[in-house]
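Protein sequence lines correspond, in order, to chains A and B. Residue 3 is where the first sequence starts when you use the numbering used here, and the numbers rise one by one after that. Residue 14 is where the second sequence starts when you use the numbering used here, and the numbers rise one by one after that.
To be clear, the hints were calculated from the coordinates, so they are not data collected in a lab. Please note that the accuracy of each hint is not assured.
[As the list claims (entries may be wrong)] 25 Å max Cα-Cα, derived SDA-like pairs, lysine to any residue:
| # | chain 1 | residue 1 | chain 2 | residue 2 |
| --- | --- | --- | --- | --- |
| 1 | B | 21 | A | 47 |
| 2 | B | 21 | A | 210 |
| 3 | A | 232 | A | 165 |
| 4 | A | 232 | A | 246 |
| 5 | B | 21 | A | 36 |
| 6 | A | 70 | B | 149 |
| 7 | B | 21 | A | 44 |
| 8 | A | 70 | B | 144 |
| 9 | B | 21 | B | 166 |
| 10 | B | 21 | A | 7 |
| 11 | A | 38 | B | 21 |
| 12 | A | 38 | B | 83 |
| 13 | A | 38 | B | 28 |
| 14 | A | 72 | A | 58 |
| 15 | B | 21 | A | 5 |
| 16 | A | 184 | A | 99 |
| 17 | B | 21 | A | 184 |
[What the hints assert, rightly or not] From the structure, some residues in chain A lie toward chain B, with a derived Cβ separation under 10 Å:
| # | residue |
| --- | --- |
| 18 | 3 |
| 19 | 42 |
| 20 | 272 |
Everything numeric in this text was worked out from a predicted model, so none of it was measured. Beta carbons: idealized from backbone N, C-alpha and C, even for Gly.
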Amino acid sequence: MVGLVVLSLALITVSFRETSGGPLHGAQNVGAAVMKPFEVAANRVARPFRDVYNWFEGLTTARSENQKLKKELRQLRQEYATAQSAENENAQLQSLLDYERGPSFPTDFNAVNASVLVHGATDIEQQITVSAGSHQGVRVNDPVVTSDGLVGKVARVAPNVARVTLLIDPTSAVAAVDLKSKAYGLVQHGAGGGDQLVFGRVPKDRIVRTGDFVVTAGTQLAALPDIYPKGILIGRVTSVDQNDVDIFKQIQVDPFADFSSLDSVAILVPRSRG
Amino acid sequence: MIALDGLKAAILLFVVAILQVSLLSSVDVYGGMPNLLLVTIVAVALLRGSVFGAAGGFFGGLLLDTANLETLGLTSLVLTVGGYWIGRYGETTGRDRTHAPFVSVAVVTVLYAVGVLFLHFLLGDPVSARRILLESLVPSIAFNLILTAPVYWMVTKLLPPLDWRERAGEVRLLG
Chain A
3 MVGLVVLSLA
13 LITVSFRETS
23 GGPLHGAQNV
33 GAAVMKPFEV
43 AANRVARPFR
53 DVYNWFEGLT
63 TARSENQKLK
73 KELRQLRQEY
83 ATAQSAENEN
93 AQLQSLLDYE
103 RGPSFPTDFN
113 AVNASVLVHG
123 ATDIEQQITV
133 SAGSHQGVRV
143 NDPVVTSDGL
153 VGKVARVAPN
163 VARVTLLIDP
173 TSAVAAVDLK
183 SKAYGLVQHG
193 AGGGDQLVFG
203 RVPKDRIVRT
213 GDFVVTAGTQ
223 LAALPDIYPK
233 GILIGRVTSV
243 DQNDVDIFKQ
253 IQVDPFADFS
263 SLDSVAILVP
273 RSRG
Chain B
14 MIALDGLKAA
24 ILLFVVAILQ
34 VSLLSSVDVY
44 GGMPNLLLVT
54 IVAVALLRGS
64 VFGAAGGFFG
74 GLLLDTANLE
84 TLGLTSLVLT
94 VGGYWIGRYG
104 ETTGRDRTHA
114 PFVSVAVVTV
124 LYAVGVLFLH
134 FLLGDPVSAR
144 RILLESLVPS
154 IAFNLILTAP
164 VYWMVTKLLP
174 PLDWRERAGE
184 VRLLG
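Could you build the full structure based on these sequences and the hints that come with them?
Right under this line is the structure:
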């Protein structure tokens with residue numbers, strides 16, 4: 003017994019100290035190679051039994067594992083949705099910030115940035131609720147924009163929230179001008195529904211082409227000030243028609259602002275308000 | 014007679030070592046793994062005494078270390094000591110007692126776990142004492158105890174218990 007213990011200790015010492023290419027490791031490798039066919043054979047013989055065992059074991063654990071995985075999936079979905087939402091909002095806020103610092107931002111206005119709290123758009127009215135109100139200096143009829151373009155105007159104000167009527171609401175109307183031809187008209191919601199706008203009241207003798215940019219006209223007469231500052235992008239002309247009956251052109255405009263995915267907006271507050 | 018028993022024991026331990034590394038090493042129920050080789054060595058030691066126990070433990074451990082590409086001698090050392098000790102127990106107080114295989118297997122399973130853990134610790138291998146001693150030990154003992162009766166019966170058929178007169182050098186209990 004003592005001899006075997008000493009032999010074991012010697013084997014441990016040599017095996018531990020020896021490099022992997024040493025004679026003892028070589029002998030071990032040979033031994034393992036000799037045993038391998040027997041192991042393979044044993045595995046083959048036992049495989050059917052092992053499969054049956056694994057099948058039964060899988061059955062017992064499948065239900066609990068399924069519930070656990072479903073729970074994990076729900077949690078991951080929520081985390082993904084939260085992260086995605088935050089990422090989108092971050093991108094929109096960054097875009098708003100760039101717009102506010104850019105040259106196209108109206109000089110005599112300050113921007114009050116707000117998140118969209120409620121997307122309350124229905125078939126009847128196109129409105130959203132945003133997270134800024136009278137405490138932030140917001141008043142009724144203040145213009146609301148994104149970095150893409152005009153969104154609408156404030157319809158109702160509470161201390162910390164405000165209701166915004168979107169440009170695509172049937173009641174909205176904005177004095178606008180074709181950026182290229184300087185043709186004036188009125189942008190309203192189209193009769194066909196959807197997000198399409200109509201650039202109406204443009205006389206037939208004015209030249210408007212597909213692809214022209216339409217922007218807010220701003221105040222033309224000091225006696226009749228416009229609530230929208232001049233030069234805010236509204237959309238791009240997608241079609242121009244005219245017939246003998248109508249006295250105005252029929253112009254369709256595709257708005258730049260994406261009303262279906264508004265997460266953040268900027269409310270333009272006149273600097274004069276302080 | 015001894016040579017024939019030695020040959021039978023060697024073949025048995027070789028087959029059991031193959032089964033252990035190829036089949037039973039992948040079994041994991043509640044963290045425990047059945048150690049058929051250990052149970053077989055205990056049975057051989059109880060039936061043939063300390064010398065057979067020590068030699069069987071050394072041989073079985075060497076096979077296991079070789080097949081698993083472990084540090085050679087590590088399992089051999091633990092199983093040699095365990096086989097010798099159980100052999101002595103079989104020669105003395107454990108003789109002819111029905112519960113002897115079960116007690117031996119339970120005790121050697123614990124000592125094997127502690128011994129292997131200690132040796133790995135000495136060699137600086139990353140081992141988890143919590144996993145070995147707390148999580149897997151109890152299920153492993155249960156597994157080995159389940160295996161004890163059939164394995165002992167099978168080994169008894171291969172190596173029948175010796176007659177009293179053949180155990181000349183053994184200790185005899187009084188009373």
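Hints versus structure:
1. 21(B) <-> 47(A): Since the Cα atoms of residue 21(B) and residue 47(A) sit roughly 23 Å apart, the hinted pair holds (cutoff 25 Å).
2. 21(B) <-> 210(A): Distance ~104 Å between residue 21(B) and residue 210(A) Cα, so the pair is violated.
3. 232(A) <-> 165(A): holds (23 Å)
4. 232(A) <-> 246(A): Answer violated: residue 232(A) to residue 246(A) is near 32 Å, above 25 Å.
5. 21(B) <-> 36(A): Within the cut-off at roughly 20 Å; holds.
6. 70(A) <-> 149(B): The given pair, whose Cα atoms are some 24 Å apart, holds under the 25 Å limit.
7. 21(B) <-> 44(A): holds (20 Å)
8. 70(A) <-> 144(B): Between residue 70(A) and residue 144(B) the Cα gap is close to 24 Å, so the pair holds against 25 Å.
9. 21(B) <-> 166(B): At roughly 15 Å apart (the allowed maximum being 25 Å), residue 166(B) and residue 21(B) satisfy the hint.
10. 21(B) <-> 7(A): holds (23 Å)
11. 38(A) <-> 21(B): holds (21 Å)
12. 38(A) <-> 83(B): Holds, at roughly 15 Å.
13. 38(A) <-> 28(B): holds (12 Å)
14. 72(A) <-> 58(A): holds (22 Å)
15. 21(B) <-> 5(A): holds (22 Å)
16. 184(A) <-> 99(A): violated (29 Å)
17. 21(B) <-> 184(A): Violated, because 107 Å separates the two Cα atoms, which is more than 25 Å.
18. 3: holds (4 Å)
19. 42: Where the cut-off is 10 Å and the nearest Cβ of chain B is about 8 Å from residue 42(A), the hint holds.
20. 272: Result: violated, 69 Å to nearest chain B Cβ.
Hints 2, 4, 16, 17 and 20 from the earlier list are contradicted by this structure; the remaining hints agree with it.
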